[in-house]
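S.K.: From first to last, the protein sequence lines are chains A and B.
Position one of the first sequence corresponds to residue 227 (the working numbering), numbered consecutively onward.
Position one of the second sequence corresponds to residue 227 (the working numbering), numbered consecutively onward.
Be aware that a few hints might be false.
[Said to hold, decoys possible] Below, a sample of chain A positions facing chain B; criterion: calculated Cβ distance under 7 angstroms: (1) R253; (2) I255; (3) T257; (4) D260; (5) E263; (6) Q273; (7) Q275; (8) I279; (9) I281; (10) M286.
It should be emphasised that the hints constitute simulated quantities derived from the structure, not laboratory data.
Idealized CB from N, CA, C, for every residue including glycine.
2 protein chains.
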Amino acid sequence: MVYAVAALMTLNTSAAAEGVTIKARGRSITTAVDTIEILKRRFLGRQLQIKEIKIGTEVMPPREGLRERNVSTIEIIAVKAE
Amino acid sequence: MVYAVAALMTLNTSAAAEGVTIKARGRSITTAVDTIEILKRRFLGRQLQIKEIKIGTEVMPPREGLRERNVSTIEIIAVKAE
Chain A
227 MVYAVAALMT
237 LNTSAAAEGV
247 TIKARGRSIT
257 TAVDTIEILK
267 RRFLGRQLQI
277 KEIKIGTEVM
287 PPREGLRERN
297 VSTIEIIAVK
307 AE
Chain B
227 MVYAVAALMT
237 LNTSAAAEGV
247 TIKARGRSIT
257 TAVDTIEILK
267 RRFLGRQLQI
277 KEIKIGTEVM
287 PPREGLRERN
297 VSTIEIIAVK
307 AE
């Protein structure tokens with residue numbers, strides 16, 4: 227909900243063409259999707275348009291030991307329609 | 227990894243035009259993204275093409291108590307290029 231409000235404020239202040247990009251990696255990917263869905267259901271409805279959803283992989287330094295870890299990422303670009 | 231192998235088998239047996247659809251909801255959304263990324267990195271590389279990524283919300287019956295829960299969903303459609 228906090229992220230959804232922050233995204234809403236961004237959409238209401240910035241140029242509409244730019245929109246808002248929400249990025250997350252690992253287990254937070256679910257939170258990124260939740261944020262967009264809350265933004266749609268509670269605040270903007272059909273005014274919110276998903277422009278693009280990209281997924282990818284980021285190589286992260288090892289948490290312990292020597293092995294690098296591959297972590298999935300998501301990037302959701304949304305705009306507010308007039 | 228198990229899901230990635232299953233998806234690979236689907237892509238290798240079905241008509242390429244149909245591709246494979248991976249759906250998940252709630253915390254498993256991360257697993258859906260991981261599955262596609264493993265499929266890309268370990269098996270198919272650039273042959274794997276993401277056709278569409280859809281996100282949405284599903285209303286689930288309450289786990290306990292009376293309140294329904296809104297759960298985010300993801301649907302990733304991928305095809306294997308020739």
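S.K.: Against each hint, give a clear statement of whether it holds in the structure.
M.R.: Hints, one by one, checked against the model:
The interface hint given for R253 (chain A) is met, as the beta carbon of that residue sits about 5 angstroms from the closest beta carbon of chain B, less than 7 angstroms. Satisfaction of the interface hint for I255 (chain A) is found here, the shortest Cβ-Cβ separation to chain B being roughly 5 angstroms, below the 7 angstroms cut-off. This hint is violated: T257 (chain A) has a C-beta 9 angstroms from the nearest C-beta of chain B, more than the 7 angstroms allowed. Restraint check, D260 (chain A) versus chain B: the minimum CB separation of about 5 angstroms is within 7 angstroms; hint holds.
About 5 angstroms separates the beta-carbon of E263 (chain A) from the nearest beta-carbon of chain B, less than 7 angstroms, and the hint is met. Interface hint at Q273 (chain A): violated, since its Cβ lies 16 angstroms from the closest Cβ of chain B, which is beyond the 7 angstroms cut-off. A least Cβ separation of about 12 angstroms between Q275 (chain A) and chain B goes past the 7 angstroms threshold, and the interface hint is therefore violated. For I279 (chain A), the suggested interface contact is upheld, since its CB lies about 4 angstroms from the closest CB of chain B, less than 7 angstroms.
At its closest, the beta carbon of I281 (chain A) sits 5 angstroms from a beta carbon of chain B; the interface hint therefore holds under the 7 angstroms criterion. Because the beta carbon of M286 (chain A) sits about 13 angstroms from the nearest beta carbon in chain B, more than 7 angstroms, this interface hint is broken.
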